[in-house]
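S.K.: Chain by chain, the residues:
Protein chains: 2
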Amino acid sequence: MGILVVGSVALDSVKTPFGEREDILGGAATYFSVAASYFTDVGIVAVVGDDFPEQHVSFFLRKGIDISGLQRQKGNTFRWKGEYGFDLNTRTTLDTQLNVFADFSPRLLALHRSQDYLFLGNIDPELQRSVLEQMKRPKLVACDTMDYWIQNTRESLLKTLSMIDLLIINDAETRQLADEPNLFRAARQILTLGPKMLVIKRGEYGALLFNSSSIFWAPAFPVEDVLDPTGAGDSFAGGLMGYLAASGACDDAALRKAVIFGSVMASFSVMNFGPEKLGDLTFPEIESRYREFYKLAFFEDIAGNLLEER
Amino acid sequence: MGILVVGSVALDSVKTPFGEREDILGGAATYFSVAASYFTDVGIVAVVGDDFPEQHVSFFLRKGIDISGLQRQKGNTFRWKGEYGFDLNTRTTLDTQLNVFADFSPRLLALHRSQDYLFLGNIDPELQRSVLEQMKRPKLVACDTMDYWIQNTRESLLKTLSMIDLLIINDAETRQLADEPNLFRAARQILTLGPKMLVIKRGEYGALLFNSSSIFWAPAFPVEDVLDPTGAGDSFAGGLMGYLAASGACDDAALRKAVIFGSVMASFSVMNFGPEKLGDLTFPEIESRYREFYKLAFFEDIAGNLLEER
Chain A
0 MGILVVGSVA LDSVKTPFGE REDILGGAAT YFSVAASYFT DVGIVAVVGD DFPEQHVSFF
60 LRKGIDISGL QRQKGNTFRW KGEYGFDLNT RTTLDTQLNV FADFSPRLLA LHRSQDYLFL
120 GNIDPELQRS VLEQMKRPKL VACDTMDYWI QNTRESLLKT LSMIDLLIIN DAETRQLADE
180 PNLFRAARQI LTLGPKMLVI KRGEYGALLF NSSSIFWAPA FPVEDVLDPT GAGDSFAGGL
240 MGYLAASGAC DDAALRKAVI FGSVMASFSV MNFGPEKLGD LTFPEIESRY REFYKLAFFE
300 DIAGNLLEER
Chain H
0 MGILVVGSVA LDSVKTPFGE REDILGGAAT YFSVAASYFT DVGIVAVVGD DFPEQHVSFF
60 LRKGIDISGL QRQKGNTFRW KGEYGFDLNT RTTLDTQLNV FADFSPRLLA LHRSQDYLFL
120 GNIDPELQRS VLEQMKRPKL VACDTMDYWI QNTRESLLKT LSMIDLLIIN DAETRQLADE
180 PNLFRAARQI LTLGPKMLVI KRGEYGALLF NSSSIFWAPA FPVEDVLDPT GAGDSFAGGL
240 MGYLAASGAC DDAALRKAVI FGSVMASFSV MNFGPEKLGD LTFPEIESRY REFYKLAFFE
300 DIAGNLLEER
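Chains as they are written, first to last, in numbering that gives the first Met the number 0: chain A, 0 to 309; chain H, 0 to 309.
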């Protein structure tokens with residue numbers, strides 16, 4: 000079953016301790032769709048300017064991504080420029096030019112309105128709702144957001160949250176949204192706002208999945224050479240939604256697997272600048288890394304009564 | 000098989016956002032031995048002053064802990080005073096009075112020299128060696144250390160490390176010891192210094208186990224009400240060594256289980272001030288929490304070829 004993703008397609012200029020790239024392909028919808036494309040059909044709803052390089056269009060087409068919903072408008076493409084500190088945990092935004100993205104008002108094509116899976120990337124919660132309202136209710140709606148919307152458009156964000164199934168945010172956003180420093184209490188509170196499932200991205204510390212009945216603690220892959228963390232969170236969401244759409248399941252076991260596939264895609268994404276490494280994988284490589292995650296986290300249950308053994 | 004632990008027994012004054020306690024029982028050897036006592040016999044080698052309250056002696060005896068190696072000297076017991084910030088991640092030491100601990104020079108009793116398991120708590124690396132040299136080579140020697148020894152007695156610490164099997168430290172100490180910001184590269188380097196196994200404690204983010212053949216990523220328990228983090232790391236080490244000594248095994252599967260038992264004991268330890276909660280458990284409670292850890296981290300392996308399913 001196919002996925003529709005709404006979000007940014009951008010040109011990124013990125014500097015990390017290990018190198019520098021200018022005007023490379025970026026944006027949440029880009030990383031998400033490339034990651035998801037290994038699992039299922041995915042269509043992008045986004046906007047670019049008339050300066051958007053043809054090679055990037057070719058890249059999407061080569062990955063089998065449906066870009067019929069990628070609007071081209073007069074003007075320049077959304078540009079983001081950022082720099083990472085030595086430990087890659089601190090990111091400084093040097094410049095943001097919204098350009099054509101400033102007036103982005105997604106209008107869905109008829110063929111997109113009946114997609115079964117929808118990912119609402121990190122955009123104005125009002126726009127997120129306008130997309131959802133144009134659709135025949137999808138089977139699963141997931142959503143991202145960020146500190147800006149939590150702080151400045153809280154009421155609107157709460158409306159959006161009341162309409163979605165799965166929220167995928169990071170730990171700082173979790174605490175901010177719930178206004179609660181304890182992550183586990185914060186998560187429980189967010190599950191009362193609408194989403195039946197919450198996934199918390201913790202970067203190098205892995206991810207957490209919460210639903211009404213259980214918590215799942217997912218590891219991160221021990222990547223020794225992180226070149227560029229940009230897009231890791233969106234690659235994670237793409238792998239997660241991609242697996243759910245491909246399997247058609249949404250029970251606890253499927254969700255746990257999906258979180259691991261998300262972590263797999265994030266671990267590949269950070270190994271090179273932009274979506275270079277992410278776009279250059281084979282499915283056996285993805286499966287093989289899944290198995291490495293399995294070995295990383297595996298331990299035996301205790302069968303008998305240990306005390307009686309003494 | 001029994002464990003010998005060498006380290007501090009102290010009187011702690013602790014302030015957290017959730018309360019305050021004065022002159023309660025503390026110290027690395029205390030938390031370690033209480034946690035380990037649920038699994039196997041454990042003996043303490045430490046020193047206290049003539050002010051050490053009789054009720055604490057009774058507490059150790061009640062837990063079945065061998066305190067024949069707990070020396071009493073003229074003077075006051077080691078005192079530590081500290082305060083935790085709102086998120087419990089920042090700790091400020093307000094006062095340290097070494098007192099009788101300043102001249103601690105452990106002399107082992109004959110009955111302790113042939114113990115099979117030895118834990119060298121966080122003391123001067125020279126003292127750690129002097130203890131090890133007094134023993135018939137134990138089956139397993141584990142060791143803790145801290146930033147102070149890494150910075151000021153590096154050569155002596157390296158000598159100690161060359162003689163031990165298992166190093167148990169936190170993530171900051173790992174990076175500092177290897178002088179390498181990437182945790183995984185740092186871990187690999189430390190395994191060339193002597194220890195065949197390294198366990199990295201990451202507090203609320205869980206723990207990592209490294210040996211020559213694999214990495215194990217252990218979760219932390221989602222404790223919603225942490226009252227006092229003091230002693231969590233030593234409780235962790237106590238549970239870990241306790242399980243290893245009780246099982247007699249030291250293969251990868253046993254080590255992974257041991258790390259989980261360590262995490263179990265740490266999760267109980269932080270639920271109250273001092274070793275109150277830690278000292279008041281039953282073994283079924285410990286086993287039940289182990290199973291909760293298992294459920295927390297469990298996900299299915301992928302059996303078939305997912306690509307072929309599409």
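Honestly, the hints are just simulated from the structure, not real lab data. In this text, all values refer to a predicted model and were calculated from it rather than measured experimentally. Heads up, a few of these hints could be off.
One copy or any two copies: either way a pair holds, since identical chains are not told apart in the list.
Simulated pairs of lysine to any residue, SDA-like, Cα-Cα distance not exceeding 25 angstroms [what the hints assert, rightly or not]:
id: 1; residue 1: 135; residue 2: 82
id: 2; residue 1: 138; residue 2: 94
id: 3; residue 1: 73; residue 2: 249
id: 4; residue 1: 80; residue 2: 169
id: 5; residue 1: 294; residue 2: 253
id: 6; residue 1: 73; residue 2: 158
id: 7; residue 1: 135; residue 2: 92
id: 8; residue 1: 14; residue 2: 178
id: 9; residue 1: 195; residue 2: 18
id: 10; residue 1: 14; residue 2: 93
id: 11; residue 1: 294; residue 2: 56
id: 12; residue 1: 14; residue 2: 79
id: 13; residue 1: 195; residue 2: 275
id: 14; residue 1: 276; residue 2: 154
id: 15; residue 1: 294; residue 2: 71
id: 16; residue 1: 73; residue 2: 155
id: 17; residue 1: 294; residue 2: 97
id: 18; residue 1: 158; residue 2: 222
id: 19; residue 1: 294; residue 2: 252
S.K.: Does each hint fit the structure? Answer for all of them.
M.R.: Now the hints, each set against the structure:
no., hint, in the structure
1, 135 / 82, "neither (41 angstroms within a copy, 55 angstroms between copies)"
2, 138 / 94, "neither (38 angstroms within a copy, 59 angstroms between copies)"
3, 73 / 249, "neither (41 angstroms within a copy, 66 angstroms between copies)"
4, 80 / 169, "within (21 angstroms within a copy, 35 angstroms between copies)"
5, 294 / 253, "both (18 angstroms within a copy, 15 angstroms between copies)"
6, 73 / 158, "neither (32 angstroms within a copy, 68 angstroms between copies)"
7, 135 / 92, "neither (37 angstroms within a copy, 59 angstroms between copies)"
8, 14 / 178, "between (33 angstroms within a copy, 24 angstroms between copies)"
9, 195 / 18, "neither (41 angstroms within a copy, 35 angstroms between copies)"
10, 14 / 93, "within (10 angstroms within a copy, 41 angstroms between copies)"
11, 294 / 56, "neither (38 angstroms within a copy, 44 angstroms between copies)"
12, 14 / 79, "within (11 angstroms within a copy, 45 angstroms between copies)"
13, 195 / 275, "neither (34 angstroms within a copy, 37 angstroms between copies)"
14, 276 / 154, "neither (39 angstroms within a copy, 42 angstroms between copies)"
15, 294 / 71, "neither (45 angstroms within a copy, 48 angstroms between copies)"
16, 73 / 155, "neither (29 angstroms within a copy, 68 angstroms between copies)"
17, 294 / 97, "neither (43 angstroms within a copy, 44 angstroms between copies)"
18, 158 / 222, "neither (38 angstroms within a copy, 30 angstroms between copies)"
19, 294 / 252, "both (17 angstroms within a copy, 11 angstroms between copies)"
Consistency note: the structure conflicts with the earlier hints numbered 1, 2, 3, 6, 7, 9, 11, 13, 14, 15, 16, 17, 18.
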